[in-house]
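Enquirer: Each chain, letter by letter, is given below.
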Amino acid sequence: MEYTLVFSPLLGAIMSGFFGRYIGDRNSEIITSLLVSISALLSLIIFKEVVLYNYENNLVIFNWISSGTLNVNWSIKVDAVSSVMLVVVCLISSLVHIYSIGYMSHDPHKTRFMAFLSLFTFAMLILVTSDNFLQLFFGWEGVGLCSYFLIGFWFKKESANAAAIKAFLVNRVGDLAFALGIFLIFYLFGTVNYDEVFKQIPSVANADVTPFLNRKLVYLGVNFKAIDLICILLFIGAMGKSAQFLLHTWLPDAMEGPTPVSALIHAATMVTAGVFLIVRCSPIFEYSQLVLNIICLVGITTAFFAATVALVQNDIKKIIAYSTCSQLGYMFFAAGVGAYNAAMFHLFTHAFFKALLFLGSGSVIHSFKEEQDIRNMGGVWKKLPYTWILMIIGTLALTGFPFLSGYYSKDAIIEFAYMRGNSFGYWAALIGIFTALLTAIYSWRLIFKTFHGSYENKNLKLESIHESSYVMIIPLIVLGIGSIFAGFLFKELFIGANIDSDFWQNSIKFLNPLSTDHPPLSIVYSTPILVVLSIPISYYLFVKNRKITNWLANENKPIYNFLINKWYFDELYDYLFVKPSKQLGNFFWKNIDLKTIDRFGPDGISNFITKLSNNAVKFQSGYIYKYAYIMLLGFSALLTYLIII
Amino acid sequence: MDFPILSSLILLPTVGALFILLSKSSEKYNFKSSKYVALFVSFVNFFISIYLWYIFDPNSTSFQFVENRFWLQGFVNYKVGIDGISILFIILSTFIAPLCIISVNRTIKVRLKDFLIAILVMESLMIGVFCSLDLVIFYLFFEGGLIPMFLIIGIWGGSRRVYSAFKFFLFTLLGSVLMLVAIISIYWITGTTDVTELYNLGIEAKYQNLLWLAFFSSFAVKTPMWPVHTWLPDAHVEAPTAGSVLLAAILLKMAGYGFIRFSIGLFPIASENFTFLIYILSLVAIVYTSFVALMQDDMKKLIAYSSVAHMGYVTLGIFTINQQGLEGSIMQMISHGLVSAALFFCVGIVYDRRHSRLINDYGGIVTIMPKYAVLFMVFTLAAIGLPGTSGFIGEFLILMGAFKESFLIATIASLGIVLGAAYMLWLYKRVVFGKLINTDLFKMPDLNKSEIFILTSLALPALFFGLYPEPLLNTIETSITNLIDTYKYTINVTK
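Chains as they are written, first to last, in the numbering used here: chain A, 1 to 645; chain B, 646 to 1140.
Honestly, the hints are just simulated from the structure, not real lab data.
Heads up, a few of these hints could be off.
[Unchecked claim] With a cut-off of at most 30 Å between alpha-carbon atoms, the simulated BS3-like pairs for lysine-lysine come out as follows:
#, chain 1, residue 1, chain 2, residue 2
1, A, K156, B, K1074
2, B, K1016, A, K579
3, A, K156, B, K680
4, B, K1080, A, K582
5, A, K318, B, K1080
6, A, K369, A, K544
7, A, K458, A, K557
8, A, K579, B, K1074
9, B, K680, A, K369
10, B, K754, A, K458
11, A, K382, A, K157
12, B, K680, B, K1088
[Unchecked claim] Sample of chain A residues with no beta-carbon within 12 Å of chain B, all distances over it, derived:
#, residue
13, I31
14, S66
15, E158
16, N171
17, A179
18, F304
19, M419
20, I481
21, F510
22, S522
23, L541
24, K557
25, Y568
26, K590
27, D598
28, L642
Because the structure is a prediction, the values reported are computed rather than measured.
Quick reminder that beta carbons are idealized off the backbone N, C-alpha and C, glycines included.
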């Protein structure tokens, strides 16, 4: 069963990628969708087994690398954490596959697109079912690669190519740290297998790595505890993949890819791999309070930062992208306060409503003939009734409207943070609540500007706008159902009060059991109240009286510019990294290679010899008296030398 | 004595070359026939080497298939033999050579016969390098390889071929002279040049440093290590495609092989002393040349510089002298042999069609050459070291090995994985993606059958060994363990 689950997307990718030309567009679409749907079905079965019978399995496919003491297998590991990921990945992926049949109907490269989608799914499955760090890294880079291909899918667009490379490189920075983390784990534990590493963790938890690092690192003045160093390296890897603050710049640009890609990769699955990594490694992270605090800090900063930027963006997909960034921040924030189960829960619910929002916005973009600027939309809710309703469901779920899925998971995070009981936790909870308000405002801004108000598009007639085909709407409906019920149904399972006992088993480790109390009512109720209130406020601001927002923007020009330019991160990185790299490259090449090494090396020697021989030629003038003169000089020099010595 | 399989491997290409030399030279007729002869010979050689791998015993610590013949009145013996390390390089050589011969159709327009002779002689010499067990024999093969390469660049090269050929010659010869001196002194010190005997005898510690440096000067140039790398980009740029391929895939590996077999094997104490020097030079090679590669506007130069960076990993891995580092270096060399060969073929393919190596002359060719785009992408990814390709196994093991020695060095070295991705993807994007604007490109045909054959036969092992490197790792494991044990033993004894 596990084999079929993992390998059927690969089969689909191969069929569509290599034989797509022979079996035709429509057949490749059907085959890939069918195969991924089979995986989705199997993943649900496995999930059921895990829920009901605590099913666990660890299959070894074959030996991958064995070099000295390093021994790595290709494996499939199924436990609670990976079964949740399996459901998310396979389910969303199959829906996106089906949706793409409609969305990409005008594209000439359908087979290639389907092949990459399936390949991505396969890489993601390899990632989540790994039983060791190296296979995880394989999947990690594999999903990054597929993301690179899919962002740059429209290869004629310069901006898409640039975005693809940017995504790959920023991810690689994270991967570098991740790789170093793996090296350190191997160095300390002599293995990269999860179980074997986790078993040894308590014994080295307080060990110093200094004896080993002393020689090299002492001048940096940093003295790490082994456990902290491992955790921080792994976390930087996770930051890259999950687009956290400082390494987030690639995610908004990644929206250059087709919208189904954004839904699958840049909302529901790949970007959550970082969260998955932290949760998977909870037996390590639990021992490093320092790094958990850093995670919490980075998470909350990301959540807040991305939400502020999302407030002013005008590209429908970029708003959702920043929203994703912000929600990922929440997940890290949850993991940072030790509520790994809440992080997984939010990951789970987020996958539904964010995929829904992306696919919904794709439907809007499709209807508007590739228009993405919300200033050029508006007033079309009657024209796109299904999309409109479903987008609203998604928005309600995202903002945490009571009893929809986001409500349960987001509130849980804020509550757990508050219950951590220190001032750090209080502050984090406070920012979390404030960010929830921002989330509500930018989400409703998107809805109101897209669907309500007056029709603003000058290129298209209102009459030509029409609802998308059923093949696109049906996946949306499934996601809509998920967005409504996923929270309510799975609340007990994921974050129920008796968490120590049942569902998660050994897949998540809690060093100190989470508090089961509830925070004061003021905290519990503040988020839902703010969220509900934000709807009429937003309606007033973005539909009824737009002057206020314009006035606000004009009055606070510097702040507005700061936000619309995304806190100037792109410019900063360009100035700090891109330009110096190019200058350095030119300097090394032109000044050192050519002007120093070559000039004094081979060219210098050959010039020197030419000069020398030119001079030597002058001796052979053919005049006897010159030769005699030189002989005399030489003779007297020799004589002098002999006499003196 | 058993059938001299190694000698036949060495001699067979030369026999083929003689055959071509002696054949009648009416141009049209023998254009094809000499190519067939060369192909036949090189393929037979390839299958012999595969058979050799099959009958090779990976668990034995001693050299196998040893042949020892009396030569030069016993002063020097012709002695050849292989262990797990050499056999992989022999197979790499016999594998790359036929591909080069297949590729000559389009690239070589004049004096094809001579070109084939040069390639076959080259093949003989390269195989000789990897199985010689006597220093003098090794030196002969090692330096002999210079001559055909010099001719390949000098005769069939581009417009600045003479400059490049001489630069190549000047650099490599300079190092080699010192190695010759060192070999002679080893003879005076120990009375033998037989490698296995020298392994047993050991060389007195006081001589090791100087001897090591002499060997180093030769190997460093051939690797090439910073700062004696500047001949490589020039040589690549001017060399015809097949020449570049041989140069990158095999010639550069002779130095890496030399480091393992001689520097570490013969001078363990000196190797220990100079480890830090190698680390520094390797790090400079990795970081510095990656930056330089980033700014190149000539495709061949870019790949040449990337070769320097990749070889930086190799030297770093070798001198970690631990299991992961050494095995990683060998994996990296094999992988680089496949991948850089393929990348030079890729450049050659578009060069044949458009007669330009400048990146800016291309763009958007994915629409007219989709098959090319796919295969080029595979090799780009393998060069980046993406998991699932052979490049990953090598790089990862090397870094893992380096990490054991020093955290800082591994960290700096791993910057290469970001920079490598930057210059390769940027190259790929500018050549393959984007809009097809340049009208000269419209008529470029996609790959023909022989080109597809060449590239897929390089792509398959690059992917296969990425997913399942065990056949390679198994083959080298015993030899590497043995090498490390001997090394550690010697170090401990002297301490």
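Enquirer: Does K754 (chain B) pair with K458 (chain A) here, judged by a C-alpha cut-off of 30 Å?
Expert: The hint is violated at about 60 Å.
Enquirer: Starting from K680 (chain B), check that the Cα of K369 (chain A) is at most 30 Å away, please.
Expert: 57 Å, violated
Enquirer: Going by Cβ atoms, does D598 (chain A) stay more than 12 Å from chain B at every point?
Expert: 5 Å, violated
Enquirer: Against chain B, does I31 (chain A) hold up as non-interface, every C-beta pair farther apart than 12 Å?
Expert: Given that every Cβ of chain B is farther than 12 Å from that of I31 (chain A), nearest at about 20 Å, it holds.
Enquirer: Per the stated criterion, does the least C-beta distance between K590 (chain A) and chain B lie above 12 Å, as a non-interface residue requires?
Expert: With a cut-off of 12 Å, K590 (chain A) comes too close to chain B, as the shortest Cβ separation is near 9 Å.
Enquirer: Run the C-beta distances from F304 (chain A) to all of chain B and say if the shortest one exceeds 12 Å.
Expert: At about 28 Å from chain B, F304 (chain A) clears the 12 Å cut-off, so the statement holds.
Enquirer: Would S522 (chain A) pass as off the interface with chain B, using Cβ distances and a cut of 12 Å?
Expert: 47 Å, holds
Enquirer: Would you assess whether L642 (chain A), listed as outside the interface, keeps its beta-carbon beyond 12 Å of every beta-carbon in chain B?
Expert: 32 Å, holds
Enquirer: When you look at the beta carbon of L541 (chain A), is every beta carbon of chain B farther off than 12 Å?
Expert: With a cut-off of 12 Å, L541 (chain A) remains clear of chain B, as the shortest Cβ separation is near 42 Å.
Enquirer: Under the criterion that the straight-line Cα-Cα distance not exceed 30 Å, is the pair K318 (chain A), K1080 (chain B) satisfied?
Expert: 25 Å, holds
Enquirer: Quickly compare the C-alpha distance for K156 (chain A) and K680 (chain B) to 30 Å and report which way the hint goes.
Expert: Between K156 (chain A) and K680 (chain B) the Cα gap is close to 41 Å, so the pair fails against 30 Å, i.e. violated.
Enquirer: Could you grab the alpha-carbon distance between K156 (chain A) and K1074 (chain B) and see if it respects the 30 Å cut-off?
Expert: Holds, at about 10 Å.
The structure shown violates the earlier hints numbered 2, 3, 9, 10, 11, 14, 15, 16, 17, 26, 27.
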